[in-house]
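Enquirer: Residues per chain are reported as follows:
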Amino acid sequence: MTAIIAEPAPDRAASSRGPRRDPRRGRRRRRGPSAYAVLAALAALAGIMLIPFVVVVFNALKTPAEYAEDGPLAPPGGVHLDGITDFWERVGFGQVLLNSALISGSVAVLAVLLSVLNAYALGIGRIKGRTWMLALLLLANTLPQEALVYPLYYLAKQLNLYDTRISVIIVFTVIQSAFGTYLLSSVLATFPRPLLEAARIDGANRWQILWRVVFPVVRPTMSVLLVFFFIWTWNEFLIPLVFLISQDNQTVSVALGVLQGQRMMDATMSSAASLLGLIPTVAFFLIFQRTLSRGLTAGAIK
Amino acid sequence: MRTDRKVAYLPYLAPGLVLFTGVIGIPFLMNIYTSFTEWPGVGTPEWVGLDNYAKLAEDGEFWASFRHNALVIVGMAIVPTVMGLVLAAALTDLIQRHFGPRVASVLRACLYLPQVLPIVIGGIVWSWLLAPDNGAVNELLEAAGLGSLAHDWLGDPSTALPSVLVVMVWIQIGFPLVVFMSGLQRVEPSLYEAAEMDGASWARRFWHITLPQIRPEIFVVLLWTTIAALKVFGPIYVLTKGGPGGATSVPSYYSYQNFFDKTEVGYGSAISTVLTLVIIALTVVFLRFQHRDLGEEER
Numbered sequence: 001m002t003a004i005i006a007e008p009a010p011d012r013a014a015s016s017r018g019p020r021r022d023p024r025r026g027r028r029r030r031r032g033p034s035a036y037a038v039l040a041a042l043a044a045l046a047g048i049m050l051i052p053f054v055v056v057v058f059n060a061l062k063t064p065a066e067y068a069e070d071g072p073l074a075p076p077g078g079v080h081l082d083g084i085t086d087f088w089e090r091v092g093f094g095q096v097l098l099n100s101a102l103i104s105g106s107v108a109v110l111a112v113l114l115s116v117l118n119a120y121a122l123g124i125g126r127i128k129g130r131t132w133m134l135a136l137l138l139l140a141n142t143l144p145q146e147a148l149v150y151p152l153y154y155l156a157k158q159l160n161l162y163d164t165r166i167s168v169i170i171v172f173t174v175i176q177s178a179f180g181t182y183l184l185s186s187v188l189a190t191f192p193r194p195l196l197e198a199a200r201i202d203g204a205n206r207w208q209i210l211w212r213v214v215f216p217v218v219r220p221t222m223s224v225l226l227v228f229f230f231i232w233t234w235n236e237f238l239i240p241l242v243f244l245i246s247q248d249n250q251t252v253s254v255a256l257g258v259l260q261g262q263r264m265m266d267a268t269m270s271s272a273a274s275l276l277g278l279i280p281t282v283a284f285f286l287i288f289q290r291t292l293s294r295g296l297t298a299g300a301i302k
Numbered sequence: 001m002r003t004d005r006k007v008a009y010l011p012y013l014a015p016g017l018v019l020f021t022g023v024i025g026i027p028f029l030m031n032i033y034t035s036f037t038e039w040p041g042v043g044t045p046e047w048v049g050l051d052n053y054a055k056l057a058e059d060g061e062f063w064a065s066f067r068h069n070a071l072v073i074v075g076m077a078i079v080p081t082v083m084g085l086v087l088a089a090a091l092t093d094l095i096q097r098h099f100g101p102r103v104a105s106v107l108r109a110c111l112y113l114p115q116v117l118p119i120v121i122g123g124i125v126w127s128w129l130l131a132p133d134n135g136a137v138n139e140l141l142e143a144a145g146l147g148s149l150a151h152d153w154l155g156d157p158s159t160a161l162p163s164v165l166v167v168m169v170w171i172q173i174g175f176p177l178v179v180f181m182s183g184l185q186r187v188e189p190s191l192y193e194a195a196e197m198d199g200a201s202w203a204r205r206f207w208h209i210t211l212p213q214i215r216p217e218i219f220v221v222l223l224w225t226t227i228a229a230l231k232v233f234g235p236i237y238v239l240t241k242g243g244p245g246g247a248t249s250v251p252s253y254y255s256y257q258n259f260f261d262k263t264e265v266g267y268g269s270a271i272s273t274v275l276t277l278v279i280i281a282l283t284v285v286f287l288r289f290q291h292r293d294l295g296e297e298e299r
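Taken in sequence, the protein lines are chains D and H.
The opening position of the first sequence corresponds to residue 1 in the UniProt record's numbering, with each subsequent residue numbered one higher.
The opening position of the second sequence corresponds to residue 1 in the UniProt record's numbering, with each subsequent residue numbered one higher.
If you are wondering where the hints come from, they were derived from the structure by calculation, not from laboratory data.
There may be inaccurate statements among the hints.
[Said to hold, decoys possible] DEER-style ranges, computed between Cβ atoms:
id	chain 1	residue 1	chain 2	residue 2	range
1	H	Val86	D	Ala65	43 to 49 Å
2	D	Ala198	H	Val18	30 to 36 Å
3	H	Val74	D	Val282	51 to 57 Å
4	H	Glu188	D	Asn205	30 to 36 Å
5	H	Val284	D	Leu286	36 to 42 Å
6	D	Ala283	H	Gln185	50 to 56 Å
7	H	Ala70	D	Ala198	29 to 35 Å
8	D	Leu196	H	Phe260	46 to 52 Å
9	H	Ile78	D	Thr131	30 to 36 Å
10	D	Val282	H	Gly245	15 to 21 Å
11	H	Pro162	D	Pro64	46 to 52 Å
12	D	Thr190	H	Val284	24 to 30 Å
13	H	Ala200	D	Leu196	49 to 55 Å
Source: prediction; values computed, not measured.
Where is the CB? At the ideal position from N, CA and C, for every residue including glycine.
Modelling step: build the complete structure from the supplied sequences, incorporating the hints.
Expert: The following block contains the structure:
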């Protein structure tokens with residue numbers, strides 16, 4: 001999940017910067033047999049990496065009978081969506097998908113807002129003790145969730161928040177904003193002071209300065225954070241697994257993980273589950289890729 | 001006057017302070033406290049001092065889980081970093097220059113794809129590929145005439161952990177690759193070309209150009225992936241549940257078991273406290289090392 005940070009930027013760099021420097025470079029070079037050997041080896045490796053995806057798609061489209069007869073490697077005889085619809089109904093996948101979207105969406109928005117407020121106080125307000133507060137935030141980022149999960153579970157039960165989506169939203173809003181605050185604070189620490197002074201002289205109060213002066217400058221960074229928080233929360237497992245026990249509240253990862261843990265799925269249903277689990281993330285990846293690369297380049301302007 | 005102005009920013013920090021205290025601060029301290037108690041999760045925790053830690057020191061399962069975790073670090077951090085370096089260098093130095101950036105970015109996208117999956121979904125895919133009857137891996141071996149190698153990969157204690165590690169490499173490889181490739185974009189292509197013209201072999205270019213140029217990325221990737229390896233939970237949960245017979249148990253899964261299956265909360269918190277200390281110590285050592293290394297470069 002973390003890897004998405006680095007993904008979009010190089011894509012742009014590779015496809016746009018390379019040719020601009022020397023458009024004929026690729027064609028002009030001699031391609032020795034060793035270069036072809038490396039290409040073949042890499043293509044083979046890429047193929048191996050993709051095999052699991054191909055096998056998943058094949059078998060998600062098979063009927064159980066077809067699977068029993070031809071085994072997992074044969075391509076499907078036709079497109080059978082029975083496995084997928086069976087699975088969809090069995091876990092109430094629509095609801096599960098909605099839960100994931102609701103939790104991840106709320107966390108993304110709330111965590112970004114919380115990060116901005118914190119970072120405004122720490123980065124621009126330079127509140128006393130901010131150095132150790134930032135050190136604590138860094139610590140909070142490396143903390144394993146195992147060290148928080150039982151007390152959180154216990155507290156949620158005491159507060160009657162156990163098995164509610166709101167409990168998971170609160171917890172991840174805070175966990176994600178530990179990272180967001182840290183990042184935005186360091187961005188805002190370098191915010192041009194004269195801009196703030198000018199706004200103050202014009203009679204703007206702190207609230208107005210935050211929204212009219214600071215906000216527009218950090219907006220690109222915020223949109224990148226928004227996307228990260230969404231995807232990271234979508235992919236979370238341990239805390240949602242502990243907190244969300246009823247199927248009506250579960251996220252995609254939890255619903256599929258629990259079903260898998262019970263060893264209750266046959267092969268075609270398992271691959272249908274995998275396919276349904278991977279479609280949304282691949283979709284996000286394609287949708288968000290542009291936002292991310294735009295955000296990262298725009299964020300560089302200080 | 002100055003302090004006055006700073007205090008005026010406090011309201012902006014207040015919600016954050018309250019939430020951080022409630023969701024991270026207090027639970028973290030509670031976890032440390034319960035690690036000194038015996039507590040089944042209900043009633044009042046009974047203070048037992050360092051008993052849990054003494055028990056840990058003698059618990060073979062606990063030490064085994066850390067040994068497995070060391071291997072998981074190899075599978076999730078070291079192997080992907082090394083492979084990522086070689087692949088990033090090959091894609092940047094050879095493929096991109098000889099066959100154009102488009103070929104390189106298609107190959108990179110293929111290698112990266114497993115990274116976009118939620119780690120749990122990746123685990124589900126593999127537990128099914130590795131299934132003993134009718135699993136794709138065994139079928140593939142049959143088809144290749146290697147039927148005798150077919151195996152209950154995740155069910156046999158001797159192959160369970162290696163199988164999990166292979167899955168982890170498959171999941172992780174894309175992360176170092178894209179970070180290193182983006183780092184290598186900083187390197188002037190002319191540097192490679194000049195070196196090539198001077199007769200420097202691919203290995204020499206890798207060693208003298210690629211590695212020094214992306215040293216900061218190597219540090220970050222190693223730290224990040226090592227921490228991720230120490231926290232690994234989801235793949236173990238869906239692939240093996242720590243089994244068979246604890247053969248793939250890791251500290252994070254072992255603490256989960258103590259919390260929720262055995263309801264030995266005190267013991268579970270002792271495990272997670274040790275895990276936390278290991279992660280913090282590792283982070284500090286890494287950051288020190290990185291600081292010194294980068295500092296020397298500036299001098």
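Enquirer: Hints first: check each against the structure and report whether it holds.
Expert: How the hints compare with the structure:
1. H/Val86 x D/Ala65: 43 to 49 Å: holds, 45 Å
2. D/Ala198 x H/Val18: 30 to 36 Å: holds, 33 Å
3. H/Val74 x D/Val282: 51 to 57 Å: Roughly 29 Å apart at Cβ, these two residues miss the hinted range, so it is violated.
4. H/Glu188 x D/Asn205: 30 to 36 Å: Check failed, 49 Å falls outside 30 to 36 Å.
5. H/Val284 x D/Leu286: 36 to 42 Å: holds, 39 Å
6. D/Ala283 x H/Gln185: 50 to 56 Å: Given about 27 Å between the Cβ atoms, the range is violated.
7. H/Ala70 x D/Ala198: 29 to 35 Å: 56 Å Cβ-Cβ, so the 29 to 35 Å window is violated.
8. D/Leu196 x H/Phe260: 46 to 52 Å: The hinted range 46 to 52 Å holds for D/Leu196 and H/Phe260, with Cβ atoms some 50 Å apart.
9. H/Ile78 x D/Thr131: 30 to 36 Å: Given a distance of about 34 Å, which is inside 30 to 36 Å, the answer is holds.
10. D/Val282 x H/Gly245: 15 to 21 Å: violated, 36 Å
11. H/Pro162 x D/Pro64: 46 to 52 Å: violated, 31 Å
12. D/Thr190 x H/Val284: 24 to 30 Å: The hint (24 to 30 Å, Cβ to Cβ) holds, given that D/Thr190 and H/Val284 are roughly 26 Å apart.
13. H/Ala200 x D/Leu196: 49 to 55 Å: holds, 52 Å
Hint compliance for this structure: hints 3, 4, 6, 7, 10 and 11 are broken, all remaining hints hold.
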